[in-house]
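Engineer: Each chain is listed here by its residues.
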Amino acid sequence: QKEVEQNSGPLSVPEGAIASLNCTYSDRVSQSFFWYRQYSGKSPELIMSIYSNGDKEDGRFTAQLNKASQYVSLLIRDSQPSDSATYLCAVNRGGLTGGGNKLTFGTGTQLKVEL
Amino acid sequence: NAGVTQTPKFQVLKTGQSMTLQCAQDMNHNSMYWYRQDPGMGLRLIYYSASEGTTDKGEVPNGYNVSRLNKREFSLRLESAAPSQTSVYFCASDRAGYEQYFGPGTRLTVT
Chain A
1 QKEVEQNSGP LSVPEGAIAS LNCTYSDRVS QSFFWYRQYS GKSPELIMSI YSNGDKEDGR
61 FTAQLNKASQ YVSLLIRDSQ PSDSATYLCA VNRGGLTGGG NKLTFGTGTQ LKVEL
Chain B
116 NAGVTQTPKF QVLKTGQSMT LQCAQDMNHN SMYWYRQDPG MGLRLIYYSA SEGTTDKGEV
176 PNGYNVSRLN KREFSLRLES AAPSQTSVYF CASDRAGYEQ YFGPGTRLTV T
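For the record, the sequence lines run as chains A and B.
The letter at position 91 of the first sequence is residue 91 when you use the numbering used here, and the numbering goes up by one with no holes.
Numbers given in the numbering used here equal positions in the second sequence, counted from 1, plus 115.
Watch out, some of these pointers could steer you wrong.
Unchecked claim - Straight-line distance between alpha carbons at most 25 Å, and here's what the computed DSS-like set of lysine-lysine pairs gives: (1) A:Lys2 to B:Lys172; (2) B:Lys172 to B:Lys186; (3) B:Lys124 to A:Lys42; (4) A:Lys102 to B:Lys186.
Claimed, not checked - Computed beta-carbon distance windows for the label pairs: (5) A:Lys42 to B:Ser199: 22 to 30 Å; (6) A:Ser12 to B:Ala211: 32 to 40 Å; (7) A:Ala68 to B:Ser195: 47 to 55 Å.
It is worth saying that the hints were derived from the structure and are not from the lab.
Owing to the predicted nature of the structure, the values given are computational and were not obtained by experimental measurement.
Yeah, the Cβ is synthetic: ideal placement off N, Cα and C, and Gly gets one too.
Hey, can you work out the whole structure from these sequences and the hints?
Structural biologist: Below is the structure:
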């Protein structure tokens, strides 16, 4: 079982619809969770972080975390063509030696927003 | 405020050549990281530096060395490049426990 699993897609949604991206993780001690957006040929860009169970909203983005089910999701409302990208889920299992953050990444879900 | 910067953006090496990838951040972050990204493999941690003066191995350290020059700068060195090191390399930084930010990346091809 992969530590962080995402459906690779592509996930196609029409412009204006809600896009729902899902991620499951295997390590119950995971402490914090992040969503990154990566356009083709570019670096990952942080769009959401979530640290406790429930929902967190930021503009058109909502992150949802359920630690009991080991599941984190990202909803994008009013999807736009500019949202077309690969979305990476990252899970922080806790401090590395000396205090760093061990992020484990999923392989990403490709989202296509169609006109 | 440039965030995380990396040089060079692109590099082509022949097998056996050496090179150093440079990374700098201006966010006063304590921790810095080097990742590689390969198709189908996701981002994998090569080395990290939790604080100035410390470095540790990540998941895939073989063939690489690092130097934390000061709080701002963290370099990655390939001593004898191999085709298996063809990849996109990202540097990242964060404050302990908080969000991690990435540089623009270096595309490396080893022939």
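Engineer: Each hint: holds or not?
Structural biologist: Outcome of the hint check:
1. Distance restraint check for Lys2 of chain A and Lys172 of chain B: the Cα-Cα separation of roughly 21 Å lies within the 25 Å cut-off, and the hinted pair is therefore satisfied.
2. A threshold of 25 Å between alpha carbons decides the hint, and for Lys172 of chain B with Lys186 of chain B the separation of about 18 Å falls inside it, so the pair holds.
3. Between Lys124 of chain B and Lys42 of chain A the alpha-carbon distance is near 11 Å, which keeps this suggested pair within the 25 Å criterion.
4. The suggested pairing of Lys102 of chain A with Lys186 of chain B holds, with an alpha-carbon distance near 19 Å, which does not exceed 25 Å.
5. With their beta carbons about 24 Å apart, Lys42 of chain A and Ser199 of chain B fall inside the hinted range of 22 to 30 Å.
6. For Ser12 of chain A and Ala211 of chain B, the hinted distance range of 32 to 40 Å is satisfied, since their beta carbons lie about 39 Å from each other.
7. Range check, Ala68 of chain A to Ser195 of chain B: Cβ separation about 48 Å, and the 47 to 55 Å hint holds.
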